[in-house]
Amino acid sequence: MSQIPGKELNGTTAQSQDLIPCKNCGRHFAQDVLWQHDPICKKVFNKKRKPFSSLKQRLQGTEITPAKRQPPQKVELTLVRYSLCLPVFSLQKQPGKKSNWRQHHEDFINAIRSGKQVMKALKGGHPLPPPPPPNINPDYIQCPYCSRRFNEPAAERHMKFCEEQATHRAFAAKITRQ
15 MSQIPGKELN
25 GTTAQSQDLI
35 PCKNCGRHFA
45 QDVLWQHDPI
55 CKKVFNKKRK
65 PFSSLKQRLQ
75 GTEITPAKRQ
85 PPQKVELTLV
95 RYSLCLPVFS
105 LQKQPGKKSN
115 WRQHHEDFIN
125 AIRSGKQVMK
135 ALKGGHPLPP
145 PPPPNINPDY
155 IQCPYCSRRF
165 NEPAAERHMK
175 FCEEQATHRA
185 FAAKITRQ
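Whatever position you read off the sequence shown (first residue = 1), add 14 for my numbering.
For the record, the hints were derived by calculation from the structure and aren't laboratory data. Do not take every clue at face value.
[As the list claims (entries may be wrong)] Derived SDA-like pairs: lysine to any residue, alpha-carbon spacing no greater than 25 angstroms straight-line:
1. Lys-57 - Ile-34
2. Lys-61 - Ile-34
3. Lys-61 - Glu-77
4. Lys-82 - Ser-161
5. Lys-62 - Trp-49
6. Lys-112 - Ala-168
7. Lys-130 - Pro-147
8. Lys-82 - Asn-60
9. Lys-174 - Ile-150
10. Lys-62 - Gln-45
11. Lys-64 - Thr-79
12. Lys-64 - Leu-48
13. Lys-188 - Ser-161
14. Lys-130 - Arg-116
15. Lys-62 - Leu-73
16. Lys-112 - Asn-165
17. Lys-137 - Ile-150
18. Lys-82 - Arg-63
19. Lys-82 - Lys-61
Predicted model, so just to flag it, every value in this text is computed and none were measured.
Build the full structure now, drawing on both the sequences and the hints.
Right under this line is the structure:
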């Protein structure tokens, strides 16, 4: 029996066998093999496969819940003179934090200016100018125990930890005094 396709297959040549196409998948099979393939093919092609979600698989077994996506912003098309279509976005203010981009921009410009002054003083051999005043982000929350500043979620986590550390330090200080 030869391993080369088209030579001999069970005593007959492959071209002389009558290959019949499957009704489900269209593949061609010999008559004696088709009766085995047909029920399997029907079972496979009748199933609807669920789309695979790698996110669900990664999160399986953890306490993390998948975040739901926000629906995209609605865009209305408005006809303007000369038959131009321009998108019009709804200008609804989102409740919550106020944007302070102007403050960030000014802080950035001031940092660049102070950097230029330092470089000029270094090149000229002059004394360094005083450092710029620290900018305090109003969105950050100050820890009452260590006076550091954090954003809201980090502040919640840190304050719990810092409170425990402060009680441990106070307890340790009492023991060392005695």
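Given hint Lys-61 paired with Lys-82 - CA-CA distance at most 25 angstroms: violated, 28 angstroms
Pair hint Lys-64 and Thr-79, alpha-carbon separation not exceeding 25 angstroms: Holds, at about 20 angstroms.
Straight-line alpha-carbon gap Lys-130 to Arg-116, limit 25 angstroms: holds, 21 angstroms
Agreement of Lys-62 and Trp-49 with the hint, judged by alpha carbon distance not exceeding 25 angstroms: holds, 23 angstroms
Hinted pair Lys-62 and Leu-73, Cα distance within 25 angstroms: Since the Cα atoms of Lys-62 and Leu-73 sit roughly 24 angstroms apart, the hinted pair holds (cutoff 25 angstroms).
Hinted pair Lys-174 and Ile-150, Cα distance within 25 angstroms: Holds, at roughly 23 angstroms.
Given pair status - Ile-34, Lys-57, alpha carbons within 25 angstroms: holds, 19 angstroms
Pairwise hint evaluation, Pro-147 against Lys-130, where the allowed Cα distance is 25 angstroms at most: holds, 16 angstroms
25 angstroms Cα cutoff - pair Lys-82, Asn-60: violated, 31 angstroms
25 angstroms Cα cutoff - pair Lys-82, Ser-161: It is violated: about 36 angstroms lies between the C-alpha atoms, which goes past 25 angstroms.
Hint consistency between Lys-112 and Asn-165 [alpha-carbon to alpha-carbon, up to 25 angstroms]: Within the cut-off at roughly 15 angstroms; holds.
Given pair status - Glu-77, Lys-61, alpha carbons within 25 angstroms: violated, 32 angstroms
Checked against the numbered hints above, the structure violates hints 3, 4, 8, 10, 12, 17 and 19; every other hint is satisfied.
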